[in-house]
Amino acid sequence: MYGGSTNLNVEDFFDDNTILVQRTLRSGQSISYDGNIVIVGDVNPGAEVIAGGSVIVIGALRGMVHAGASGDANAVVIAFKLLPTQLRIVDHITRAPDDVENLLDEMVPEIASLKNGVVTIERWEVR
Amino acid sequence: MSKVIVVTSGKGGVGKTTTTANVGAGLAALGHKVVLVDADIGLRNLDVVLGLENRIVYDIVDVTSGHCRLRQAIIKDKRLPGLHLLPAAQTKDKTAVSPEQMQELCGELKKEYEYVIIDCPAGIERGFKNAIAGAERAIVVTTPEVSAVRDADRIIGLLESSGLSSPELIINRLRINMVKAGDMMSIDDILEILAIDLLGVVPDDDEVVISTNKGEPVVLNEKSLSGKAYRNISRRIKGEKVPFLNLESEGGFLNALRRIIGLK
Ligand SMILES: Nc1ncnc2c1ncn2[C@@H]1O[C@H](COP(=O)(O)OP(=O)(O)OP(=O)(O)O)[C@@H](O)[C@H]1O
Ligand SMILES: [Mg+2]
Chain Z
1 MYGGSTNLNV EDFFDDNTIL VQRTLRSGQS ISYDGNIVIV GDVNPGAEVI AGGSVIVIGA
61 LRGMVHAGAS GDANAVVIAF KLLPTQLRIV DHITRAPDDV ENLLDEMVPE IASLKNGVVT
121 IERWEVR
Chain B
1 MSKVIVVTSG KGGVGKTTTT ANVGAGLAAL GHKVVLVDAD IGLRNLDVVL GLENRIVYDI
61 VDVTSGHCRL RQAIIKDKRL PGLHLLPAAQ TKDKTAVSPE QMQELCGELK KEYEYVIIDC
121 PAGIERGFKN AIAGAERAIV VTTPEVSAVR DADRIIGLLE SSGLSSPELI INRLRINMVK
181 AGDMMSIDDI LEILAIDLLG VVPDDDEVVI STNKGEPVVL NEKSLSGKAY RNISRRIKGE
241 KVPFLNLESE GGFLNALRRI IGLK
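The listed protein sequences derive, respectively, from chains Z and B.
My numbering puts the first sequence at residues 1 to 127.
My numbering puts the second sequence at residues 1 to 264.
Isolated chain Z (complex conformation):
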């Protein structure tokens, strides 16, 4: 589900249990952490990120991302270019629409969260 915008604060999601990854994850590379993950770089197609908590990508997210992998339904995924091959929050799965190309070409930060059991993607307004 796409649409709307939100201005939730980063601090609402990212507590002390957060790791920082300062590189691009390329195809075949994966990161998993039972906490939050902040990536400064891209997540390319074929790479995967699995977090117990939330994930923020300061770059393009084109690979597979799983937030809330240990059951946290409040987990979110934020990316400056959110084009994941597949995005999961807890056990709810969503994938990129098949016509991704015309969808988003600019860098618009977006946030994916669970709302009433549906993965919802909104523009993320930085406060």
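Mixed in with the good hints there might be a few duds.
Distance condition first, Cα-Cα at most 30 angstroms in a straight line; then the derived DSBU-like pairs of lysine-lysine [what the hints assert, rightly or not]:
1. Lys-180/B with Lys-81/Z
2. Lys-94/B with Lys-11/B
3. Lys-81/Z with Lys-11/B
Short derived list, chain B residues pointing at chain Z, Cβ under 7 angstroms [claimed, not checked]:
4. Arg-150
5. Asp-153
6. Arg-154
7. Ile-156
8. Gly-157
9. Ile-193
What the simulated footprint calls covered on chain Z by chain B, stretch by stretch (three residues with Cβ under 8 angstroms from a Cβ of chain B suffice, anywhere in the stretch; the number is not a length) [claimed, not checked]:
10. 27-33
11. 43-53
The set of hints was computed from the structure by calculation and includes no laboratory data.
We treat Cβ as the ideally placed atom computed from N, Cα and C, and that holds for glycine.
Given chain Z's structure and the hints, the job is docking chain B with the ligands onto it.
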């Protein structure tokens, strides 16, 4: 200055051997002393592309296993005095050589040659590990296809974690008409994902196939566009700044390619 260069790709058939032969011949034509190492043991090709197959007596496995001395196995090219080839073995497999042996071999070769260029086999297994073991610099070849780019990305990740931290990219077989029609990934699309330095773009060109079949690297063909692309790449490898080719075959000086790669 790094002299031992591996040419790799991940995906098969995208043009590693063609690139190795042409860049090697290109650098030799510029007056450098070059040796090409065919690391594709069991699927020997480079000798054929260079038209040197009938001169092979010893091969890389004979060298590493001590059956002959390094010098005995190296073949001189028939056209370019600076160009040499260390052929692969055809009757062995990738495990016939170890990464340590490759390191030692590259160490020996770089004492004698200005450039040591290694033709890597497809894949990410033993043959790949052998080919990169002694390398100081890496060239990644891809075609403008999603699967090839994906594999190139995988390879770049593996190169980076092996200490070859800034591989350079060659985009091979670009068809500008297809890019324009939106039917092929553009240079921009590829660079956006791979985010490494572009060494050059080679058009899809029948001349490559013709010259490969004749055993004459297309880089020596003054008239072909792909030859020009390889000559430019050879100069960029030396560190020269060479403007990018306009790969539009018709329509004069319209810089379709320059526009795509953001130079215009
Ligand atoms: N720019 C080009 N235009 C047209 N044909 C090309 C071009 N580059 C390569 N080819 C053709 O593509 C085929 C594969 O090329 P090549 O053998 O160099 O690939 P490779 O990556 O070494 O393959 P392998 O993974 O099997 O070792 C060859 O037939 C070659 O002639
Ligand atoms: Mg080959």
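We went through each hint and held it up to the structure:
Among the hinted pairs, Lys-180/B with Lys-81/Z is consistent with the structure: their alpha-carbon atoms are about 25 angstroms apart, no more than 30 angstroms. Taking the CA atoms of Lys-94/B and Lys-11/B, the gap is near 17 angstroms; set against the 30 angstroms cutoff, the hint holds. Distance restraint check for Lys-81/Z and Lys-11/B: the Cα-Cα separation of roughly 27 angstroms lies within the 30 angstroms cut-off, and the hinted pair is therefore satisfied. Given the 7 angstroms rule on beta carbons, the hint for Arg-150/B holds: about 5 angstroms separates it from the nearest Cβ of chain Z.
Here the hint on Asp-153/B is kept, as its CB sits about 4 angstroms from the closest CB of chain Z, short of 7 angstroms. The interface hint given for Arg-154/B is met, as the beta carbon of that residue sits about 4 angstroms from the closest beta carbon of chain Z, less than 7 angstroms. Given hint, Ile-156/B at the interface with chain Z, holds; its Cβ is 6 angstroms from that chain's nearest Cβ, closer than 7 angstroms. Proximity of Gly-157/B to chain Z holds as hinted, the smallest CB-CB distance being about 3 angstroms (cut-off 7 angstroms).
Here the hint on Ile-193/B is kept, as its CB sits about 6 angstroms from the closest CB of chain Z, short of 7 angstroms. Judged by the Cβ-Cβ criterion of 8 angstroms, the region 27-33 of chain Z is covered by chain B as claimed, because 3 of its residues qualify and three suffice. Judged by the Cβ-Cβ criterion of 8 angstroms, the region 43-53 of chain Z is covered by chain B as claimed, because 3 of its residues qualify and three suffice.
Consistency with the previously given hints is maintained throughout, with no hint failing.
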